[in-house]
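Enquirer: The listed protein sequences correspond, in order, to chains A and B. When we follow this note's numbering, the leftmost residue of the first sequence carries the number 1, and every step to the right adds one. When we follow this note's numbering, the leftmost residue of the second sequence carries the number 1001, and every step to the right adds one.
Note that these hints are calculated values from the structure, not bench results. It is possible that part of the hints are untrue.
Claimed, not checked - DSS-like, lysine-lysine: derived pairs with alpha carbons at most 27 angstroms apart:
{"hint": "1", "chain 1": "B", "residue 1": "K1027", "chain 2": "A", "residue 2": "K158"}
{"hint": "2", "chain 1": "A", "residue 1": "K192", "chain 2": "A", "residue 2": "K78"}
{"hint": "3", "chain 1": "B", "residue 1": "K1097", "chain 2": "A", "residue 2": "K12"}
These are the residues of each chain, in order.
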Amino acid sequence: MINTSEQEELLKLIANFMKTDIEAVAIGGTAMMFSNYKNATKDIDIVFKDVEDRDVFIDAIKQLGYIEKSLSDIYDEKRQQNPAKPLMFSRSDERFDLFVSSVFGFKINFSQDAVLQKYDFLGKSRLTLNVPVKEVLILLKAITGRETDFEDIVTILKAENNVSWDSITKQAIGYKESLPWILIDLEECMQKLGKLFDIDDTYFKRLYDAHGD
Amino acid sequence: MAEIIGKYTVELYAQENSISRQSALNKLSGLKKKGFVKVSGGGKQKRIYTLYKRPVREPNGFYSIVNKYAKIKLTPEFEHYIYGRYTVEDAIIDGLKIDNARTKIAVSNLFRHITDWTYLMHKAKGNNLLERLHEYYEYAKKSTKCKRMPKRYMKESIKND
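Bound-form chain A, shown alone (with noise of 0.2 angstroms):
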């Protein structure tokens, strides 16, 4: 686990053995920790507009003793086989979930509208990360299926009433041709949520005529 005082620091540390500026989004627990949504996480999630940013970082953070994992311990088959997975780097109890472009196919938007905080790491080199709005949060957590990332879903809409299901729903519909596991996996989840918050089920019926049952 890594806090957000150490998570800010490693970052800035990195920043210093960084050859080039790299800018990247932030997205999981990181970016829920930058949000204030929780204190602590298990993975630094970050997706890299390219694969030569991502190889810059991996540099540096290889400089710094972390070593190349296995995905098979936490992402399931499906997951593992998705050509978008990302590559894991860990060292004692923090590790690094580092995706190009994309979350197992889910396009990550990099243009300055879909900014909604910025953080910059000013070492020898500039590392600056993106956090998304909430939604495209809450739709990434619901897609990557991991132990925690349900609990992590709950916990934002614990501390936000204002969740757009509309805009999370026409997103993952946006997404059905290129991943059709995208309106299954969101309905799974949805419908957990639905037993803690109210969820309208006007974007239960829109995702079932997407899917079309």
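Using the hints, position chain B against chain A.
Expert: Frame of chain A, contents of chain B only:
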């Protein structure tokens, strides 16, 4: 920014929570230390306590620097937080990346505060923004009282145009 629970005066907070004024002050002070409360006013003005659902941190990035120096202020399009040393030169580079009309006017005011032209040119070159930097500088020269770009960098900008 985190969702707001509400705005309170100390008396109102005490009344709503059925506690004494002193207890309310203690509670609000505790919440402020944890980042859940922002306070405005004080002195002759009545203090207003804004309560948030989760801790908030004051942004300290691009918009803080620009709004400190620029005559026209910018509404932040995103919250920008910095870890490390963020200078006027870094803010100019970020302004060049955002690149819209209002930002251009605001950023032009930053040219007056440049202390490290070498760093600015190095960053602009690294981000392929040399041409745009030159354009912003020309605009700043016309519209504000700004520092003169060293000749060697002027030549470099023109060479890259």
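Enquirer: The structure should be examined with respect to each hint, and the outcome stated for every one.
Expert: How the hints compare with the structure:
no.: 1; hint: K1027(B) x K158(A); result: holds (22 angstroms)
no.: 2; hint: K192(A) x K78(A); result: holds (21 angstroms)
no.: 3; hint: K1097(B) x K12(A); result: holds (22 angstroms)
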